[in-house]
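J.: Taken in order, these protein sequences are the chains called A and B.
With the numbering used here as the guide, the letters of the first sequence map in order to residues 1 to 316.
With the numbering used here as the guide, the letters of the second sequence map in order to residues 317 to 565.
To be clear, the hints were calculated from the coordinates, so they are not data collected in a lab.
Errors might be hidden in some of the hints.
Computed footprint of chain B on chain A, listed as stretches where at least three residues anywhere in the stretch have a Cβ under 8 Å from a Cβ of chain B [claimed, not checked]:
#1 38–45
#2 92–98
#3 246–257
Reference listing, derived: stretches of chain B covered by chain A, where coverage requires no fewer than 3 residues with Cβ under 8 Å from a Cβ of chain A [claimed, not checked]:
#4 403–411
#5 487–493
With beta-carbon atoms standing in for the labels, derived distance ranges [what the hints assert, rightly or not]:
#6 Ile15/A with Phe517/B: 52 to 58 Å
#7 Thr561/B with Lys135/A: 41 to 47 Å
#8 Leu499/B with Lys135/A: 48 to 54 Å
#9 Asn217/A with Thr561/B: 55 to 61 Å
#10 Leu345/B with Lys135/A: 52 to 58 Å
#11 Thr561/B with Arg132/A: 55 to 61 Å
Nothing here was measured: the structure is a model prediction, and the numbers come from that model.
Every residue, glycine too, gets a C-beta built ideally from N, C-alpha and C.
The lines below spell out each chain.
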Amino acid sequence: MIEVQNLTKYYGDFIAIENVSFEAKRGEVVGFLGPNAAGKTTTMRIITGFMPPSAGTVRVAGYDIQTHSIEARRQVGYLPETTPLYTDISVRDYLDFMGGLRGMAPARRRTRIDYVIQRMRLEEYAHTLIGRLSKGYRQRVGIAQAVLHEPEVLILDEPTIGIDPVQVVETRELIKSLGKEHTVVLSTHILPEVSQICERVVVINEGHIVAVDRPENLSVRLRGTEQVKVEVRGPARDVSARIRRIQGVREVTQRDGASGASVYTLECDPGSNIREELASAIVQQGWGLLGLQAVTMSLEDIFLKLTTHEDEAKPQ
Amino acid sequence: MTNTLLIARKELRTYFGSPIAYVIMAAFLAFTGLLFIDSLSTPFREASLRGFFVGESFGGLLGQTINAAFVLLLLGPVLTMRLLAEESKLGTIELLLTAPVRDFEVVMGKFLAGLAILGMLLVMTLYYPLLLLIFGNPDIGPLIAGYAGLLLLGGLFLAVGLFASSLSTSQIASVVIGLIILLMFWFINQASNFFRGTPEFVFEFVSPRTHFTNFARGIVDTQSIIYYIALTAIFLFFTVRSLETRRWR
Ligand SMILES: Nc1ncnc2c1ncn2[C@@H]1O[C@H](COP(=O)(O)OP(=O)(O)OP(=O)(O)O)[C@@H](O)[C@H]1O
Ligand SMILES: [Mg+2]
């Protein structure tokens, strides 16, 4: 649905993004993750045809955004970063205008406007001038116009910024449900959002893609090991020695836990899956097994690792 | 075409949702009303709108300067200042230019909205000729030609104003740029006084003012019509290009 190939963008002499390539398939929600000034907005502006790239190509639903711009743009719903809206027009009139520009017939426009107004909980403000709405409601109008024409491709630049928690949950659900049949690319700084709604993450830093993967795979790929935490009551030295003998365990660190037990952190080979063997070994020795857990790296850790130790991560 | 009309309709709605359209209408009526009264205030005047169209009663350079055309020149850039500058300022241009709409449809839509307001302005002044028709016996030809001239001239002013509005995000700046371009064009025929032969002719021809004088006399010259339409088209084309280069900035 979206094919981004070797995008490079210069602002004057400054390189905002360089050789950015990724793909998003139909029915996929792709999260675009990166610190401030990484180049997320720049990339999205190029995908939507607002700016041309300095080099590289973008294809949306098979149409090149530069040579078949209108056809490509027809497939896209876009929420720009700053949620720009006309201020002196009512919510309903605005949606009607945007629907018209996207070539929706009047009858379909009406039913869809009713639907998105209800879906984004905007009923009360349907006839209010947009300039008088609060920030969160403006954001809702922005999302409403992006999904209004049921586009094949949705590009959302930080969609849930400024919305209250209840509506955030609903908006994420909306994006997720849209992502079933459409293609969604969204940028965000909110890491739990990524693990909740994105099937794939593109991590970008200083204009370069540093990782593309499923959120849960990223942790293994990055660390190169799997981590297991186990809490055992028993003689610390013996326990450590026994754990070390299990196939696949590379390293064990011990730390005192609550009520005489110890917590052991195991670094294991990827894919070794030692938890069953570990549990039975401890129980056979007659020690008390208090807890056993595979540790996945939190997205925050991954993010920090990727963007602060760029050299350690391998772009895909 | 649908896109153009959609954009024009939205712009008109915005015009009447803000004071700007009313202020411009009031200003235009006030100024032209004065011109009208002034040109008829002495006894035994000829029943015509020459004072309104080209301004004659003040006499001298000023008399030739202050007229309906010049008031339009001053108001044109004010009418168009918002059209593109505000889109850039608010950032709404990002959604407009990523919608499946061609740049020239955007420009034409905005231009049409301005033209519609201009049409309303001119219709509102129709009571001047109406009064003349009721109380006098004016020559119809110059009246019709004069109004046609004002429409063509106004269209040109709007195109220049729209171009100026595409150049910056500041509405004030776009008014200033628009006025500079228009005043240059307007008074360029003065330069013809310093030349003989071809340059004299060129300076006369390039100024929209020269052509308008003919219209006010009731002379409709195809050359003048082509001049106005071509110059308007050129400025609209510049505006489209300016939008395109904005993408490259
Ligand atoms: N119009 C512009 N002219 C010059 N430089 C720009 C322009 N737009 C962006 N940049 C620069 O390009 C870089 C990438 O900016 P971009 O807006 O794409 O970052 P981002 O990943 O969206 O950041 P954020 O998370 O803060 O939104 C930044 O260093 C920014 O200063
Ligand atoms: Mg951004």
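J.: It remains to establish, for every hint, whether it holds in the given structure.
T.: Hint-by-hint comparison with the structure:
1. Coverage of the segment 38–45 of chain A by chain B is violated [criterion: at least 3 residues with CB-CB distance below 8 Å; count 1].
2. With 3 residues bearing a CB less than 8 Å from a CB of chain B, the segment 92–98 of chain A meets the requirement of three and the coverage assertion stands.
3. Given a C-beta distance limit of less than 8 Å, the hint that chain B covers the segment 246–257 of chain A is violated, as 0 residues qualify and 3 are needed.
4. Coverage of the segment 403–411 of chain B by chain A holds. Counting CB-CB distances below 8 Å, 6 residues qualify, and the rule asks for three or more.
5. Here's how the segment 487–493 of chain B fares: 0 of its residues keep a CB closer than 8 Å to some CB of chain A, so the rule of at least three is not met and the hint is violated.
6. Remark: the range hint 52 to 58 Å for Ile15/A to Phe517/B is upheld by a beta-carbon distance near 53 Å.
7. With their beta carbons about 32 Å apart, Thr561/B and Lys135/A fall outside the hinted range of 41 to 47 Å.
8. Between Leu499/B and Lys135/A the Cβ separation comes to about 43 Å, which falls outside the hinted range of 48 to 54 Å.
9. As the Cβ distance of Asn217/A to Thr561/B is approximately 43 Å, the hint placing it in 55 to 61 Å is violated.
10. At about 41 Å, the CB distance of Leu345/B to Lys135/A disagrees with the hint of 52 to 58 Å.
11. Distance hint check: the CB atoms of Thr561/B and Arg132/A are about 35 Å apart, inconsistent with the given range 55 to 61 Å.
Violated hints for the displayed structure, listed by number in ascending order: 1, 3, 5, 7, 8, 9, 10, 11.
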